[in-house]
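Taking the hints into account, I'd like the entire structure generated from these sequences.
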Amino acid sequence: MKQVTEQNNFIYFTLSLVVMLLVSSLSDLVAEGTAHLLLRGILLLTYAVAFISLDFGAGWRKFVTVMVVLMIIANSLDEFDTFAGAPLFALSVTLAFFVGVVYTASKRVLFSGMVNLNTIIGALAVYILIGMIWANLYLITLEIYPGAFNGMESKYWADNWSEAIYFSYITMTSLGYGDISPAMALSRTLAS
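Sequential numbering from 1 applies to the sequence shown in this note's numbering.
Since the hints were made in silico from the structure, they are not lab data.
Remember, it's a predicted structure, so these values are computed and weren't measured experimentally.
All C-beta atoms in this analysis are idealised placements derived from N, C-alpha and C, irrespective of residue type, glycine included.
The reader is advised that the hints may include incorrect statements.
Pairwise CB distance ranges, derived in the manner of DEER restraints [unchecked claim]: (1) Lys107 / Ser76: 12 to 22 Å; (2) Ala58 / Pro146: 40 to 50 Å; (3) Asn116 / Ala84: 26 to 36 Å; (4) Gly57 / Lys155: 37 to 47 Å; (5) Glu6 / Phe83: 40 to 50 Å; (6) Lys155 / Leu21: 31 to 41 Å; (7) Tyr127 / Val69: 21 to 31 Å.
Next comes the structure, spelled out in structure tokens:
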């Protein structure tokens, strides 16, 4: 395996995001209720790839380490039904991670002053992450307001992950097939 450098770091990270999208789409094929294990595993793997490939300094390493610890805590609380707010906590940690990566990566990609293959792939990573941010926002909304979307039933957030990702990207690309639609003012505002 090649050494991760500033000239190829976004390639590795973007590949991990694409793998996360592909694996999470397979969650519909596993038994309902077990998709969360697959999703949690791929999320933690993506965190690890971010830690290794996007080495943006000591502050970055601390941020990712804190996110991994919080995700492990959130997953444990959620897995063992320790408290009712565990799904929101897990979604919030994932949202914070994605926002932190977008913020940090955007500075490197958009304001680097140079354009090469790595920065172009970094821009793709930012785009993918923006879709994931909105998917998390949709899932948080669905956790709080179960009827927030038509076509997306209120169930465990990990079992809805692929639907939220799907809705996020069809909304971002303006395709809007209509099979999922916002049903209340908050979800309409997020979708717009």
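Hint check:
{"no.": "1", "hint": "Lys107 / Ser76: 12 to 22 Å", "result": "violated, 33 Å"}
{"no.": "2", "hint": "Ala58 / Pro146: 40 to 50 Å", "result": "holds, 42 Å"}
{"no.": "3", "hint": "Asn116 / Ala84: 26 to 36 Å", "result": "violated, 48 Å"}
{"no.": "4", "hint": "Gly57 / Lys155: 37 to 47 Å", "result": "holds, 40 Å"}
{"no.": "5", "hint": "Glu6 / Phe83: 40 to 50 Å", "result": "holds, 42 Å"}
{"no.": "6", "hint": "Lys155 / Leu21: 31 to 41 Å", "result": "violated, 20 Å"}
{"no.": "7", "hint": "Tyr127 / Val69: 21 to 31 Å", "result": "holds, 28 Å"}
In this structure, the hints that do not hold are numbers 1, 3, 6, in rising order.
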